[in-house]
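As a plain string of letters, each chain reads:
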Amino acid sequence: MRKFLIALLYFILPVVIASYGLDVFISKNLLKSNTSPGNYNAWNDIYKGQVNADVVIYGSSRASMQIDPHILEDSLKLKVYNFGMLGHNFLTQYLRHIEYLKYNPQPKQIIMCVDYFSFEKREDLYESDQFLPYMLWNFNIWRYAKSYDGFSLLDHVVPLVRYVGKATAKKKAFSMAFMKSNMKPLKYKGFKSTDKPWDKTMEEARLKRGIYTISNDTNTVNLFYQFLQECEEQNIKVTLVYTPEYFEEKKLVLNRDETFKFFKQVSTQYNNTFLNYVDDSICYKKEYFYNSLHLNKKGVDLFSKKLAHDLKKLDVVEK
Amino acid sequence: MLFNSIDFAIFLPIVFVLYWFVVNKNLKLQNFLIVVASYVFYAWWDWRFLSLIMFSTLVDYLVGISLAKQEHAVRRKMLLWTSILINIGFLCFFKYYNFFIDNFITAFSFFGYKIQPNSLNIILPVGISFYTFQTLSYSIDVYRRKLVPTADFIAFSAFVSFFPQLVAGPIERATNLLPQFYKKRSFHYGKAVDGLRQILWGLFKKIVIADNCAEVVNQIFNNTGDFSGSTLVVGAVLFAFQIYGDFSGYSDIAIGTSRLFGFDLKQNFAFPYFSRDIAEFWRRWHISLSTWFRDYLYIPLGGSRGSKFQQIRNVFIIFVVSGFWHGPNWTFIVWGALNALYFLPLLLGSKNRKHIEIVAQGKWLPTIKEILLILSTFALTTLAWVFFRADNLSHAWSFISEIFSYSLFTIPQIQPKILSILILFMLLIEWSGREELYGIERFGITWKKPYRYAFYYTIVFLIFLFSGEEQEFIYFQF
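Read top to bottom, the protein sequences are chains A and B. Take 1 as the starting number for the first sequence in this note's numbering and just add one per residue. Take 1 as the starting number for the second sequence in this note's numbering and just add one per residue.
Please keep in mind that the hints were generated in silico from the structure rather than gathered at the bench. Careful: at least some of the hints might be erroneous.
[As the list claims (entries may be wrong)] Straight-line alpha carbon distances no greater than 25 angstroms define the calculated DSS-like cross-link-like pairs of lysine-lysine that follow:
hint	chain 1	residue 1	chain 2	residue 2
1	B	K417	A	K3
2	B	K448	A	K3
3	A	K180	B	K448
4	A	K166	B	K417
5	B	K449	A	K3
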């Protein structure tokens, strides 16, 4: 038995040592990637302390794909960064928030895009590959991502374990290491608009789901209160924004009114502005959307200008 | 719990340490640990079905004890049938109930009778087909007086639920495995190292070959209408390697794991894709199931004795039942029947035992004739696999029709180059180790340690590099 254990140790030891090196190699190359879904750029800017923004935008895809920082910057004469996360609710948006504050100077203003999905928790960690290069020994990620399927504590503490089964990420890392990539970053300061006409896929999926009631995750709601409280204490102004959605979307969710009441109530409680665009004229024109929840480029341009104008008019952004 | 999961990577060392360092001085405790570990292993999937295994274990244990005490022929037969009916009853209910109901309804509606559908939403307990056959073999062997029944309930429970082979075999015979639970097991260095080596090779076949083939195979089989005949051939060939890598990989991990605990399980795959005819293929593919059907079905039916009609009947019965064992779908039945058709000319021409030894034994390369025989056997097998993989008979038919169309002579739309290199790598290794029990048993064994280790590290690296989404073993569904 002793001989076996020693032989096993001799065999495993180089694997363990090499695994750390390989982990660093994969992670370093992976975060060079500019390719889809383009999440690494935002995370890199956060962890390298390169955000340098006066105004930051939080939210889901309804933030990252609907508010153009260019337009806001031109209008407000401030530096703007869009931190919207595709397919993520407030739990992981908050993770991004604390990581951002940990490595960067705090912003003056947060534009918090909210909707009735903000507190509805999905089971999987959407586009989980974006977290991989930063996960090892990062206990903030562990704390906020552990309630999702797919990762365990081992992924956060043992090198390479989180890459087991992540074929696309490994492929991407090796191709970044050994092949020249001329791809430009997909996003500008976290933003990318979608220039396409109405796409039926999402509409079909939502019709398939039928009329439903949104159920909020209590922990996420509490975290939202905590976030507003912290921002108040740190003198960061928060403006809640409900970005446009195609008017027919309204028919699908039964407890919409409760959602709006909630956001009105918290904005009053914390003395924040709540800009609700759900009944804006944009919402009634299909030509501005590519699906019921997302504006196309034309819609984004129009809405971003409108938002910049309203922020300016209400003087919610401090110079 | 899957062999290719992190859970198992933690579970195995814990059980290993407890087995060899904590309870190593007490055989009964070692067996008890195996039972507990096996139940935990199974409960990881669904604890509710543990009761089925426990009940099956209890029934066959009691039947065995009663058979030993009973001399009356009719009562002995009744005891045996009790075991058969309970075990097969569970299997039929969980696996085949809906199939029979649906087909009865279809048959009656054909004659104009309308019957209200009464299908149930039944979950198939993982491994039921495997442990049912394993416990049945015990009762039958005791009935045939080939085996002395055990009075040791813990040892018997360990035999039925032995975790390395509980959910997907190899289906062990009580005559081979049960006595190993009676003997004190001492740790053997060579055996343990060999076990680890076999696990490594099993993981390679499962994770690198099977799981990567699965991605392409699923794409092709799920969108058959979008692809040319040549692409469908690629899909069918890759499925042949997927199912081989998946199932033989599982068997290698199961056998290797058993060796770590001092047990010897029987070889389940003996390089079947190097077979020169279908008879040889079936002697080398899923050996534990083929021999089970041979001993408990084919031979009692008369085997290859009797008239030509009886021989043909027996071959069809064994292949069709074997197909049906895989699942409640006509595709499996046709797959079995097709293999019977392949087998018949060999049986009728008394050529079914022509190729007993492995091809090109003692030589580096096969002859041209042998290569052609291997390729033709592989082609026939691959064609049959289409039925095995297809969703239903019309899917299989449209798949095969497209293969035999003009589009067969076009360039495949999917050309998995890296995967082809990996398959070639596996085949070369397996070819070099075809006279052994598994591919890398003796591979590089004479090399200097650094070179041999470099080879193992390469395998480890390939497993890591090509590991995709964790995929279940195909045979779990059976």
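Here is what the structure says about each hint:
1. A C-alpha spacing of about 42 angstroms is found between K417 of chain B and K3 of chain A, which places the hinted pair above 25 angstroms, so the restraint is violated.
2. A C-alpha spacing of about 19 angstroms is found between K448 of chain B and K3 of chain A, which places the hinted pair at or below 25 angstroms, so the restraint holds.
3. As the CA atoms of K180 of chain A and K448 of chain B are separated by approximately 38 angstroms, the hinted pair breaks the 25 angstroms bound.
4. Of the pairs offered as hints, the one joining K166 of chain A and K417 of chain B holds, with about 20 angstroms between alpha carbons and a cut-off of 25 angstroms not exceeded.
5. Of the supplied pair hints, the one linking K449 of chain B and K3 of chain A holds, its CA atoms being roughly 16 angstroms apart against a limit of 25 angstroms.
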